[in-house]
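Engineer: Sequence:
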Amino acid sequence: MAYHPAEQVQRGHAYAIIDEVDSILIDEARTPLIISGPAPYSTRQYHELKTPVERLVRRQRELCNRLAQEAKKLLDENRDEEAQLKLYQVKQGMPKNKQLLHMLEDPRIRRLMEKIDDAFLTDMRKDEGRALREELYFTIDEKGNDASLTEKGCETLSPNDPEMYLLPDLVSALAELDGNHALTEEEKFKKRQEMQDAFADRSERIHAVDQLIRAYSVYERDVEYVIQDNQVIIVDEFTGRLMPGRRWSDGLHQAVEAKEGVEIERETQTLATITIQNYFRMYEKLAGMTGTAETEADEFHEIYKLDVVVIPTNRPVRRVDRNDLIYKTQREKYAAIIEEIQDCYGRGQPVLVGTISVDVSELISRMLRRVGIPHNVLNAKNHQREAEIVSLAGQPGAITIATNMAGRGTDIKLGEGVVYLPRDVITSNVRLDDKVDGQTLRRMLLEKPCGLHVIASERHEARRIDRQLRGRCARQGDPGSSRFYVSLEDDLMRLFGSDRIAGIMERLGIQEGEVLEHPWLNRSIETAQRRVEQHNFSIRKRTLEYDDVMNKQREIIYGFRSEVVASKDVREQLYNVLEDVIHAKAEAVLEEESDEALQDFVTWTNTTFPIGLKKESLGDSKQLENAEELAGPVFDRVKKAYELKAKLEDAERLNAMERHIILQAVDSHWQEYLRSMDTLRQGVGLRAYGQRDPLVEYKHEAYTMFSDLMDKIKEEICSRVFRSATTVQAFQSFLTSLPQNYVHDEVHALGRGEAGQGGRSAPPGAEEAMQAALASKGTPVRREEPKVGRNDPCPCGSGKKYKKCCGAAH
Numbered sequence: 001m002a003y004h005p006a007e008q009v010q011r012g013h014a015y016a017i018i019d020e021v022d023s024i025l026i027d028e029a030r031t032p033l034i035i036s037g038p039a040p041y042s043t044r045q046y047h048e049l050k051t052p053v054e055r056l057v058r059r060q061r062e063l064c065n066r067l068a069q070e071a072k073k074l075l076d077e078n079r080d081e082e083a084q085l086k087l088y089q090v091k092q093g094m095p096k097n098k099q100l101l102h103m104l105e106d107p108r109i110r111r112l113m114e115k116i117d118d119a120f121l122t123d124m125r126k127d128e129g130r131a132l133r134e135e136l137y138f139t140i141d142e143k144g145n146d147a148s149l150t151e152k153g154c155e156t157l158s159p160n161d162p163e164m165y166l167l168p169d170l171v172s173a174l175a176e177l178d179g180n181h182a183l184t185e186e187e188k189f190k191k192r193q194e195m196q197d198a199f200a201d202r203s204e205r206i207h208a209v210d211q212l213i214r215a216y217s218v219y220e221r222d223v224e225y226v227i228q229d230n231q232v233i234i235v236d237e238f239t240g241r242l243m244p245g246r247r248w249s250d251g252l253h254q255a256v257e258a259k260e261g262v263e264i265e266r267e268t269q270t271l272a273t274i275t276i277q278n279y280f281r282m283y284e285k286l287a288g289m290t291g292t293a294e295t296e297a298d299e300f301h302e303i304y305k306l307d308v309v310v311i312p313t314n315r316p317v318r319r320v321d322r323n324d325l326i327y328k329t330q331r332e333k334y335a336a337i338i339e340e341i342q343d344c345y346g347r348g349q350p351v352l353v354g355t356i357s358v359d360v361s362e363l364i365s366r367m368l369r370r371v372g373i374p375h376n377v378l379n380a381k382n383h384q385r386e387a388e389i390v391s392l393a394g395q396p397g398a399i400t401i402a403t404n405m406a407g408r409g410t411d412i413k414l415g416e417g418v419v420y421l422p423r424d425v426i427t428s429n430v431r432l433d434d435k436v437d438g439q440t441l442r443r444m445l446l447e448k449p450c451g452l453h454v455i456a457s458e459r460h461e462a463r464r465i466d467r468q469l470r471g472r473c474a475r476q477g478d479p480g481s482s483r484f485y486v487s488l489e490d491d492l493m494r495l496f497g498s499d500r501i502a503g504i505m506e507r508l509g510i511q512e513g514e515v516l517e518h519p520w521l522n523r524s525i526e527t528a529q530r531r532v533e534q535h536n537f538s539i540r541k542r543t544l545e546y547d548d549v550m551n552k553q554r555e556i557i558y559g560f561r562s563e564v565v566a567s568k569d570v571r572e573q574l575y576n577v578l579e580d581v582i583h584a585k586a587e588a589v590l591e592e593e594s595d596e597a598l599q600d601f602v603t604w605t606n607t608t609f610p611i612g613l614k615k616e617s618l619g620d621s622k623q624l625e626n627a628e629e630l631a632g633p634v635f636d637r638v639k640k641a642y643e644l645k646a647k648l649e650d651a652e653r654l655n656a657m658e659r660h661i662i663l664q665a666v667d668s669h670w671q672e673y674l675r676s677m678d679t680l681r682q683g684v685g686l687r688a689y690g691q692r693d694p695l696v697e698y699k700h701e702a703y704t705m706f707s708d709l710m711d712k713i714k715e716e717i718c719s720r721v722f723r724s725a726t727t728v729q730a731f732q733s734f735l736t737s738l739p740q741n742y743v744h745d746e747v748h749a750l751g752r753g754e755a756g757q758g759g760r761s762a763p764p765g766a767e768e769a770m771q772a773a774l775a776s777k778g779t780p781v782r783r784e785e786p787k788v789g790r791n792d793p794c795p796c797g798s799g800k801k802y803k804k805c806c807g808a809a810h
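Every letter in the sequence shown is one number past the one before it in the working numbering, and letter 441, counting from 1, is 441.
Honestly, the hints are just simulated from the structure, not real lab data.
It is possible that part of the hints are untrue.
Now the in silico label distances, taken between C-beta atoms and shown as ranges [stated by the list, open to error]: (1) GLY37 x LYS699: 47 to 57 Å; (2) ILE556 x GLN476: 49 to 59 Å; (3) GLU652 x TYR283: 34 to 44 Å; (4) GLU155 x TYR575: 39 to 49 Å; (5) ILE35 x TYR575: 48 to 58 Å; (6) VAL223 x LEU166: 27 to 37 Å; (7) LYS541 x ALA2: 45 to 55 Å; (8) GLU526 x LEU686: 19 to 29 Å.
Beta carbons: idealized from backbone N, C-alpha and C, even for Gly.
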């Protein structure tokens, strides 16, 4: 975080033009932008828990294999209902179990699974589903990329103390402690601290276990990440590129490092966060370009208030998009891909094979090596050869296997002899959908294919990504073709909608090796993609709704922070804070109207500021008409004391110290606040069970927590103003200059005893100045109108802050 204007790297947010705008504003919008720093706590728990979690995952795998075998036996005996329950457990415990995936190739079994999934969502069978899940060690939510420990898993991890991985009810325990009159206040405080520490330790341990289970069960090597130079490097799911320097948050990255046996780097904590939506909405004007925004026009308008305008291509698109080929298994699908590559290679047509992961690209590469076809592989592991591989991809007979990194923004130049069409046809305006000339051209391209041929190993979650891959061929009027290969084992089909296609396969009696091909099936697959897009849009929208709550708070905090960073003299902001806090404390005294409240005010003042305030000098709290009568004189004395302290400081370093006091208080409390808000965000969804809207509850809680945050920041600044100094000598000089008759017991908190031992005398005239400053009593200010805070809007209606408008004269 920047502490000086020279350290800031961003200018104002006036105008932004985004290339590949859908990739940034849509695809990446589910993940917030985070500035992180090293966390103060260690990562040793990942070392300690790795072995027991590894053992737990192995037991779960063995359990799921046994359940799958039992289900297969029950299916052979036509006991479908019993088999359903076993398969449901396997799917909840290990959704990528090989036996399960093999059985789901049968459309009948797939429909049985869909039926039981729907049944356990109903109120009638919800408890039955929960009981089946409790027989597992943990459950996996594949769509949500999450894992949860069950009671059986807790008992397995800690047989001697099954409660070790269950969070206690801290609220009830603290309430019971407060009601225990046998303990003194000091004993209660100590007990309360012990209970809170134990709760935090257990919470941290449970979180580490959950993250390790996710690392072992959900995150796959060479799919979500790769290992390079003994480091875990994330692979961008949309581009297939490596993202060095980026780390998963909440301890997940450390869990993956523990799983892979590489060095576990120190855990990070969030210093600042903002969603991509709210970041780009900060710009006064926003625009962008992409070839695939039309399908997301509604989201662009709803979230960013951007309209999508389609610009016609420079030359007609002459790409032949062939029907998808749908197989039952991935094995059959990959075999068919190799056959088509062989055909293209035989006639010298260049081929670009698009895959969605490093793992699949290397699998197809191994299969091509077996049949002796030379090829290039472009993925996250050899991205340094990207320019060379792309430059050769359009040459005759070139076979290029690439992850999504070649699927967007890549222009593949065709070599000589790749296009057989006459030059006048290429430069003409003939389109493939023209009734006369277009049909002739289409027939020519089907009879003698030419140009780049794109093969996709599976459909992506978003239609836009598929269109980007198709768009690598048939550019600037050149011919080209594309084909997508799909299997019922693909993640898209498995998770979001192979029910209709599975039904068709069942009715037609499709056997292994046979393929389905029809335009209607293409539309069915696009329907599945729409479901995913809607699912992802709902995630992005919900994330934004919650972030909008924090966005207003973020504007206040960062606005104040930026003002402090940019200010050449932060003394004014410092005085504003001191005045606000003293005034708030004085208002609390007026509300209670008791001697005890007044004494508390005096105690707090003397603990925080070295002004030797006496209760007798304040008069009777019951006779005070407003808080200003109490706060005004105290603030004047604090201000004079600080001005004396400032004279003793190093003038060149004083402004930097004052800035540091404010920014350090803001940053430390804001980081703690972000962690608290994350905890609230994770738990607030449970309030829906109490017929309460989680978002409304989140807003109420956030408002209260933010008010407390601002109070904590201001009090932290107050407490550090007189405890900080530019040099040790300046601090000692200030302490020794304090008149003895004004030193209250609480001033020892400022370190007077230690500093006074130095025997240093104050600068000439310092003590006299201090005595004169503190001895003069301030005269209470009588206001005919309510006081206007310096940072409040000016009552004249100008819209400016009071201190920048009418208050400037004062």
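Engineer: Does each hint hold? Answer for all of them.
Structural biologist: Tested hints:
1. GLY37 x LYS699: 47 to 57 Å: violated, 28 Å
2. ILE556 x GLN476: 49 to 59 Å: holds, 51 Å
3. GLU652 x TYR283: 34 to 44 Å: Because 38 Å falls inside the window, the suggested range holds.
4. GLU155 x TYR575: 39 to 49 Å: Violated, at about 60 Å.
5. ILE35 x TYR575: 48 to 58 Å: Violated - the Cβ-Cβ distance for ILE35 and TYR575, about 30 Å, lies outside 48 to 58 Å.
6. VAL223 x LEU166: 27 to 37 Å: Given range 27 to 37 Å: holds, Cβ gap about 33 Å.
7. LYS541 x ALA2: 45 to 55 Å: violated, 32 Å
8. GLU526 x LEU686: 19 to 29 Å: Since GLU526 and LEU686 have Cβ atoms about 36 Å apart, the given range 19 to 29 Å is violated.
Hint compliance for this structure: hints 1, 4, 5, 7 and 8 are not met, and every other hint is.
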